[in-house]
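2 protein chains.
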Amino acid sequence: MRDLNEHNITDAVLESFAATPNPRLLTIIKSLVRHIHGFVKDVEPTFDEWLYAIQFLTRTGQISGQSRQEFILLSDVLGVSMLVDAINHRTPKGATETTVLGPFFVEDAPQFEHGDDLSNGTPGAPLYVDMTVAAASGEPLSDAVVDVWQSDSEGFYDVQRADLTGHNLRGRFRTGPQGELRFWSITPTAYPIPDDGPVGELLEASQRHPWRPAHLHFMISAAGYQPLVTHIFVDGDIYLDSDAVFGVKQSLIDSFPEQPAGTGPNGRIMDAPWRKLKYSFGLTPL
Amino acid sequence: MRDLNEHNITDAVLESFAATPNPRLLTIIKSLVRHIHGFVKDVEPTFDEWLYAIQFLTRTGQISGQSRQEFILLSDVLGVSMLVDAINHRTPKGATETTVLGPFFVEDAPQFEHGDDLSNGTPGAPLYVDMTVAAASGEPLSDAVVDVWQSDSEGFYDVQRADLTGHNLRGRFRTGPQGELRFWSITPTAYPIPDDGPVGELLEASQRHPWRPAHLHFMISAAGYQPLVTHIFVDGDIYLDSDAVFGVKQSLIDSFPEQPAGTGPNGRIMDAPWRKLKYSFGLTPL
Numbered sequence: 001m002r003d004l005n006e007h008n009i010t011d012a013v014l015e016s017f018a019a020t021p022n023p024r025l026l027t028i029i030k031s032l033v034r035h036i037h038g039f040v041k042d043v044e045p046t047f048d049e050w051l052y053a054i055q056f057l058t059r060t061g062q063i064s065g066q067s068r069q070e071f072i073l074l075s076d077v078l079g080v081s082m083l084v085d086a087i088n089h090r091t092p093k094g095a096t097e098t099t100v101l102g103p104f105f106v107e108d109a110p111q112f113e114h115g116d117d118l119s120n121g122t123p124g125a126p127l128y129v130d131m132t133v134a135a136a137s138g139e140p141l142s143d144a145v146v147d148v149w150q151s152d153s154e155g156f157y158d159v160q161r162a163d164l165t166g167h168n169l170r171g172r173f174r175t176g177p178q179g180e181l182r183f184w185s186i187t188p189t190a191y192p193i194p195d196d197g198p199v200g201e202l203l204e205a206s207q208r209h210p211w212r213p214a215h216l217h218f219m220i221s222a223a224g225y226q227p228l229v230t231h232i233f234v235d236g237d238i239y240l241d242s243d244a245v246f247g248v249k250q251s252l253i254d255s256f257p258e259q260p261a262g263t264g265p266n267g268r269i270m271d272a273p274w275r276k277l278k279y280s281f282g283l284t285p286l
Numbered sequence: 001m002r003d004l005n006e007h008n009i010t011d012a013v014l015e016s017f018a019a020t021p022n023p024r025l026l027t028i029i030k031s032l033v034r035h036i037h038g039f040v041k042d043v044e045p046t047f048d049e050w051l052y053a054i055q056f057l058t059r060t061g062q063i064s065g066q067s068r069q070e071f072i073l074l075s076d077v078l079g080v081s082m083l084v085d086a087i088n089h090r091t092p093k094g095a096t097e098t099t100v101l102g103p104f105f106v107e108d109a110p111q112f113e114h115g116d117d118l119s120n121g122t123p124g125a126p127l128y129v130d131m132t133v134a135a136a137s138g139e140p141l142s143d144a145v146v147d148v149w150q151s152d153s154e155g156f157y158d159v160q161r162a163d164l165t166g167h168n169l170r171g172r173f174r175t176g177p178q179g180e181l182r183f184w185s186i187t188p189t190a191y192p193i194p195d196d197g198p199v200g201e202l203l204e205a206s207q208r209h210p211w212r213p214a215h216l217h218f219m220i221s222a223a224g225y226q227p228l229v230t231h232i233f234v235d236g237d238i239y240l241d242s243d244a245v246f247g248v249k250q251s252l253i254d255s256f257p258e259q260p261a262g263t264g265p266n267g268r269i270m271d272a273p274w275r276k277l278k279y280s281f282g283l284t285p286l
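Residue numbers (the working numbering), protein chains in the order written: chain F, 1 to 286; chain H, 1 to 286.
Don't read these hints as lab results, they were simulated from the structure.
No residue lacks a Cβ here, since even glycine has one placed at the ideal position from N, Cα and C.
Wrong hints could be hidden among the right ones.
Have a look at the derived ranges for each label pair, beta carbon to beta carbon [to be verified]:
1) H:140 with F:46: 26 to 36 angstroms
2) H:24 with F:5: 19 to 29 angstroms
3) F:92 with H:49: 17 to 27 angstroms
4) F:285 with H:55: 22 to 32 angstroms
5) F:268 with H:41: 18 to 28 angstroms
6) H:204 with F:241: 45 to 55 angstroms
7) F:266 with H:27: 51 to 61 angstroms
8) F:224 with H:24: 48 to 58 angstroms
9) F:46 with H:55: 26 to 36 angstroms
10) H:265 with F:7: 35 to 45 angstroms
Calculated cross-link-like contacts (lysine-lysine; reagent style BS3-like; alpha-carbon spacing at most 30 angstroms) [stated by the list, open to error]:
11) H:30 with F:41
12) F:276 with F:41
13) H:30 with F:249
14) H:41 with H:30
15) H:249 with F:41
16) H:41 with F:30
17) H:41 with F:249
18) H:249 with H:278
19) H:30 with F:30
20) F:93 with H:41
21) F:249 with F:278
22) H:41 with F:41
23) H:278 with F:41
24) H:93 with H:249
25) H:276 with H:249
26) F:30 with F:41
27) F:276 with F:249
28) F:30 with H:249
29) F:278 with F:41
30) F:93 with F:278
Here are a few chain F residues that sit away from chain H, every Cβ distance over 12 angstroms (derived from the structure) [claimed, not checked]:
31) 56
32) 136
33) 266
34) 270
Full structure from sequences and hints, please.
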């Protein structure tokens, strides 16, 4: 293994990995080496371009932390996250389509009861969510775990708010006997993904905007079914056809119809118009 | 741009970048998107594998810092650094071959004069370097800037030594009127690349060792010529055929012949055997 050049180095690198005991890891490494070398041979980077790439990746790691995951953003804006999602969710008829997890999910969201309000008084247009969880076949799923999270009316998630120490606009519920769940929140608004880091530089250099159309995040799990990670998007949003992370699916768009002021669900007195989301989620069996 | 799936998403992502004004950047991004999507379609990563990759890259960025560049190491062990080097140095006859920069070069190495000793008393087998710098055509190059750096006899560079505050075993010289340069140091030894981070995990999982054969680093620049980044390797090293970073070229191996104790160059009294490197470097015209 001496005198490697642009013609023989790829085979030499593949050979160096040949003793990898885990066959799945070996498959991944071999494909990775072939594609990275193919990319380098295609574009023939200068030394300075290579060094820029090294520094871009380093900065992408270093800006990541507790409240930000820049490599997930990079995967998102390159369409890699949605491609991985598509490959892993060839959903059957009756199952809700999936979309990206995004970087703002947290593991330990607070528990809420049916009828609770996730908004904790945060300003925004009131939203009543009336949803059910069922199997793709139609059978209602009781006691399914439903995580909900969303941005506030200025486009920020709680983990992005330096002035917030606790959780806000996120919570965990369990569905009732007929798979039902009803709760209050505020209507989500469009927002830009964080664009003051390396990913923002890439978007700006490409004249791409960083906006995502308004959506609510859902992660739903029930024993015997694949966990469902998805959003419900608000119809009419101007970014539905240019989502910075390529996540929009027609079946996940709902009109969130406006309701008049007056007496709302459970006798709640609404002094201004409010919105309602009614949606039935279908889970894919394992 | 809705309802993207594994069959149409790559084209949609390419289209999203189409307005990139810099044509070179557009070329690089298009190739990158095609190769990353190709890799994902080949290996069909699970969500957990994708998340492992995200975390691996994040850790690779976060362990990098003043004295360590883990993304360069990753590029090195995947053969990417040597491939970039090969593409950029299709050297003419008479020019010295190139190899990787490595992660331990520093910009502001101290200045030394001809005949100085880089070792500052560091233990090791004394080495006398007697070198010339010329154009590939043979014309001597005076006043060329020569950076030299190397590991100590325990295999560490100065920047890896927490107990060292200044530079050691590195320095900058200028060649004399006939392109000549002579200086003292110690004989380099084989060493492992840092293997306590993500790159070390990759090597261990692949049953690859982290060792590099013993070498001296040189970076040589002269007006009108391409900067030369290379090593000179010590013949007989057991790692010459399995360099962890794929950097060995036959033309860069020298025997560093042992010399008897007694009177050495410039009348220096040598109380033990010492080694000598005599090498002529050739630079490629711009």
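For each hint, the structure was consulted:
no., hint, verdict
1, H:140 with F:46: 26 to 36 angstroms, "29 angstroms, holds"
2, H:24 with F:5: 19 to 29 angstroms, "25 angstroms, holds"
3, F:92 with H:49: 17 to 27 angstroms, "23 angstroms, holds"
4, F:285 with H:55: 22 to 32 angstroms, "29 angstroms, holds"
5, F:268 with H:41: 18 to 28 angstroms, "49 angstroms, violated"
6, H:204 with F:241: 45 to 55 angstroms, "46 angstroms, holds"
7, F:266 with H:27: 51 to 61 angstroms, "59 angstroms, holds"
8, F:224 with H:24: 48 to 58 angstroms, "52 angstroms, holds"
9, F:46 with H:55: 26 to 36 angstroms, "30 angstroms, holds"
10, H:265 with F:7: 35 to 45 angstroms, "42 angstroms, holds"
11, H:30 with F:41, "14 angstroms, holds"
12, F:276 with F:41, "54 angstroms, violated"
13, H:30 with F:249, "24 angstroms, holds"
14, H:41 with H:30, "16 angstroms, holds"
15, H:249 with F:41, "20 angstroms, holds"
16, H:41 with F:30, "14 angstroms, holds"
17, H:41 with F:249, "20 angstroms, holds"
18, H:249 with H:278, "17 angstroms, holds"
19, H:30 with F:30, "22 angstroms, holds"
20, F:93 with H:41, "23 angstroms, holds"
21, F:249 with F:278, "17 angstroms, holds"
22, H:41 with F:41, "20 angstroms, holds"
23, H:278 with F:41, "35 angstroms, violated"
24, H:93 with H:249, "15 angstroms, holds"
25, H:276 with H:249, "20 angstroms, holds"
26, F:30 with F:41, "16 angstroms, holds"
27, F:276 with F:249, "20 angstroms, holds"
28, F:30 with H:249, "24 angstroms, holds"
29, F:278 with F:41, "52 angstroms, violated"
30, F:93 with F:278, "20 angstroms, holds"
31, 56, "9 angstroms, violated"
32, 136, "18 angstroms, holds"
33, 266, "35 angstroms, holds"
34, 270, "32 angstroms, holds"
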